[in-house]
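Undergrad: Sequence:
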Amino acid sequence: MSVRSGGRQLSFELLAGDLTADDEDDTSPRSLPDTTSDGQRRRRRRSKRKRGFRSPPIEEAASEGEQPRGDGKGDAAAAFRVPDLRSTTETVCESSEAERSSASCVTYVGVELRQRSVSGSARLVAASAEDGTSSCGSSTRESAAAAAAVADVAAAAWRPEANGGVKKKLEKEQSLDWEKYMKETSNILGEVERLDNSPFRYFLGELYGGNSLRSTIAVGNEKKRQRVYNTMFHVPWRCERLIVAGFFVCLDSFLSLLTIMPARIVVTIWRLLKTRKFLWPNAADLSDYGCFIVLALGVASLQMIDISLIYHVIRGQGTIKLYVVYNVLEIFDKLCQSFGEDVLQVLFNSAEGLSACSTDNVTFELMRFLLDEAIAVVAFVVHSFVLLAQAITLSTCIIAHNNALLALLVSNNFAEIKSNVFKRVSKENLHNLVYYDIIERFHITAFLLFVLAQNILEAEGPWFDSFLINASLVFLCEVLIDAIKHSFLAKFNEIKPVAYSEFLEDLCKQVRC
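The sequence shown runs contiguously to residue 513 in full-length UniProt numbering.
The hints are simulated quantities; they were obtained by calculation from the structure and are not laboratory data.
Warning: the hint list may mix true and false statements.
Said to hold, decoys possible - Here are the simulated lysine-lysine pairs, DSBU-like style, with alpha carbons at most 30 Å apart:
1) K423 / K224
2) K334 / K321
3) K224 / K427
4) K496 / K427
5) K496 / K423
6) K224 / K491
Claimed, not checked - Beta-carbon label-pair distances, calculated as ranges:
7) Q303 / K427: 40 to 46 Å
8) T259 / Q303: 16 to 22 Å
9) N282 / E222: 16 to 22 Å
10) T216 / Q510: 45 to 51 Å
11) Y436 / V346: 40 to 46 Å
12) N282 / A415: 18 to 24 Å
13) T259 / E458: 33 to 39 Å
14) D342 / K427: 18 to 24 Å
15) E502 / T268: 36 to 42 Å
16) D506 / T268: 31 to 37 Å
17) R201 / F492: 44 to 50 Å
18) S308 / E494: 36 to 42 Å
For every residue, glycine included, the Cβ atom is placed at its ideal position computed from N, Cα and C.
Could you build the full structure based on these sequences and the hints that come with them?
TA: Right, dumping it as structure tokens:
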């Protein structure tokens, strides 16, 4: 397309002669004359804005009605500067409607700038701001001037002259002299200052400044002291007092079973023979009858057992050691104790039911009482045989001369400590455990009396001294093991010694009833 050479007439001739060229190329930098109205210009700008067209700055000046001045060379130069400006800066000037008076200009700078120095960057920023705002309105010029002022202030702030005019240089640190530093600060590692570096001084310093047992253990208090005293003195004393009281309770029950119960039965039979009137027995009489039958049948069955045969069988076997046999029999003893208590409770309940039953229900209650009586006889005969075998085993260990008794005591007592001390027990479980220890103490005393009676009948030569030493050893070991076991049970489970006094009080109430 030809370039305009001057005047308005050339523009009219071009418009009249070549209208098709205008229609094909709407993006030409030429501007139409001022013949169109304001409404047409607004519609054209809106259509260009919708199509994403951005008009160059020189066309915006023509659209405002300003005609280019000067000769054709100036216009041609202005026309040829349009593509150059597009490569560096694109400016979009949006004019508002008639009611708005201000215009906002958005400038996109596409020139890549590299900052060489602070002052040079300030000048580049100012130059780019002037290039970007050369085609905008008065508001854009004001914003560019403000940006240039800010850049000048920033550049001036970074100049060394603004901070005093003297350039500060980093001073190099001197290398650390370790020997000099250690001499100046000799106590840096927390060591004791020594005036003399002789070996004797070094030895004394290590002797008094080394680790000690007190530095590894926390200092105790009154609670810890009371805990130690409870473990060593209070718990063993109260526990042994309770066991001794329980031992005499067991002895009283055993003697009453052998003396008072048969006496009551004899008195009841004598009264029946004297009055010659049959009276229905009460619950206490039926209980005495049942216990007497169990005792009589138990004694009769044990009389038929050859004790010497059992003694030689236990002593002559070589597969199972004596302490193993004793431990097995002790386990069965505890099982029979638990089962025998239940059997006696059931038997006494049947006696109460038979004494208070009606005439229509007598047969049922009588059959149930007889069945419970038979179960009690079997259970207690078996338990009696277990106790007899345990007593024979202990007698064999005492008479033997191969340290069998020592092996028995060590294995039995330490197994008892291991099975009880390191377990979590409550106060009720500890109460039952004390009762088991009372019964065990009574059983050991009965076993020693059985061995004494057997030696009196069968032993020859001086035997009493050795028997007395062995019996004392067994009894003292049992007392010591019970004290150790209950002391550490109370310690580990935080049970106070007053609990054993409560157990003793409860035992006394049961005996009184």
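Undergrad: Each of the hints needs a verdict: does it hold here or not?
TA: Hints, verified against the model:
As the CA atoms of K423 and K224 are separated by approximately 22 Å, the hinted pair is consistent with the 30 Å bound. Of the pairs offered as hints, the one joining K334 and K321 holds, with about 21 Å between alpha carbons and a cut-off of 30 Å not exceeded. Only pairs whose Cα atoms come within 30 Å are accepted, and K224 paired with K427 is accepted, the gap being roughly 21 Å. For a cut-off of 30 Å, the pair hint linking K496 to K427 stands: about 10 Å separates their Cα positions.
Taking the CA atoms of K496 and K423, the gap is about 17 Å. The hint holds against a cut of 30 Å. As the CA atoms of K224 and K491 are separated by approximately 11 Å, the hinted pair is consistent with the 30 Å bound. Distance hint check for Q303 and K427: the Cβ-Cβ separation is about 44 Å, which falls inside the suggested range of 40 to 46 Å. As the Cβ distance of T259 to Q303 is approximately 20 Å, the hint placing it in 16 to 22 Å holds.
Checking the proposed 16 to 22 Å range against N282 and E222 shows it is violated: the Cβ atoms sit about 58 Å from each other. Distance hint for T216 and Q510: a CB-CB separation of about 50 Å, consistent with the stated range 45 to 51 Å. With their beta carbons about 21 Å apart, Y436 and V346 fall outside the hinted range of 40 to 46 Å. A beta carbon spacing of about 46 Å between N282 and A415 contradicts the range 18 to 24 Å that was offered as a hint.
A hinted range of 33 to 39 Å is violated for the C-beta pair T259 and E458, which are about 28 Å apart. In this structure the hint that D342 and K427 lie 18 to 24 Å apart at CB holds, the actual value being about 23 Å. Judged by the Cβ atoms, the range 36 to 42 Å given for E502 and T268 holds: they are separated by roughly 38 Å. Distance hint check for D506 and T268: the Cβ-Cβ separation is about 32 Å, which falls inside the suggested range of 31 to 37 Å.
For R201 and F492, the hinted distance range of 44 to 50 Å is satisfied, since their beta carbons lie about 48 Å from each other. Checked against the given bound of 36 to 42 Å, the beta carbons of S308 and E494, roughly 51 Å apart, lie outside it.
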